[in-house]
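Participant: Sequence:
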Amino acid sequence: MDVHEPPFLTGHGETILQNGMTFTDEPSIILDGRWMVRVEDVFVVRDDGGEALSHYSRELMVVA
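Residue numbers (my numbering): -7 to 56.
Calculated directly from the structure, the hints in this document are not laboratory data. Glycine residues also receive a C-beta, built at the ideal position from the N, C-alpha and C atoms. The reader is advised that the hints may include incorrect statements.
Stated by the list, open to error - Label pairs and their in silico Cβ distance ranges:
1) Ser20 x Leu45: 35 to 45 Å
2) Met28 x Ser49: 33 to 43 Å
3) Gly41 x Phe0: 11 to 21 Å
4) Gly3 x Glu32: 13 to 23 Å
5) Gly3 x Val55: 32 to 42 Å
6) Phe0 x Ile22: 16 to 26 Å
7) Ile22 x Leu1: 19 to 29 Å
8) Val31 x Gly3: 33 to 43 Å
9) Arg26 x Glu6: 35 to 45 Å
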C-alpha cells in the first residue's frame, strides 16, 4: 500500500461509487518550515448519498 492509493475522487475522475466504499477528504494548511495542520474527514458511500463518519469540532483553536 502507498500513502494514497486509488480510487481517487477528482473532478475529472471516472470512479463509479458503490455502496460501502469509504473515502477521506484531507484539507491542509501548510506554512513551510513552521507548521502544518490537516483535517481528515472520513465518508462512506450509501445508496441515498454520502455519510460522514467523522464528527468533531470545526472551530480553530490556538494552543501555545
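Participant: Does the Cβ-Cβ separation between Gly41 and Phe0 fall within 11 to 21 Å?
Facilitator: With Cβ atoms ~20 Å apart, the hint holds.
Participant: Against the range 35 to 45 Å, how does the distance between the Cβ atoms of Ser20 and Leu45 compare: consistent or not?
Facilitator: 19 Å, violated
Participant: Starting from the range 35 to 45 Å, see whether the pair Arg26 and Glu6 falls in it by beta-carbon distance.
Facilitator: 38 Å, holds
Participant: Is the gap between the beta carbons of Gly3 and Val55 within 32 to 42 Å?
Facilitator: This hint holds: roughly 35 Å between Cβ atoms.
Participant: Holds or violated: the 13 to 23 Å window for the beta-carbon distance between Gly3 and Glu32?
Facilitator: Holds - the Cβ-Cβ distance for Gly3 and Glu32, about 20 Å, lies within 13 to 23 Å.
Participant: Do Ile22 and Leu1 keep their Cβ atoms within the hinted range of 19 to 29 Å?
Facilitator: For Ile22 and Leu1 the Cβ distance comes to about 21 Å; the hint holds.
Participant: Given the hint of 33 to 43 Å, is the C-beta distance from Val31 to Gly3 inside that range or not?
Facilitator: 20 Å, violated
Participant: Okay, Met28 versus Ser49 on CB: inside 33 to 43 Å?
Facilitator: 19 Å, violated
Participant: Would you say the C-beta atoms of Phe0 and Ile22 sit inside 16 to 26 Å of each other?
Facilitator: 20 Å, holds
Violated hints for the displayed structure, listed by number in ascending order: 1, 2, 8.
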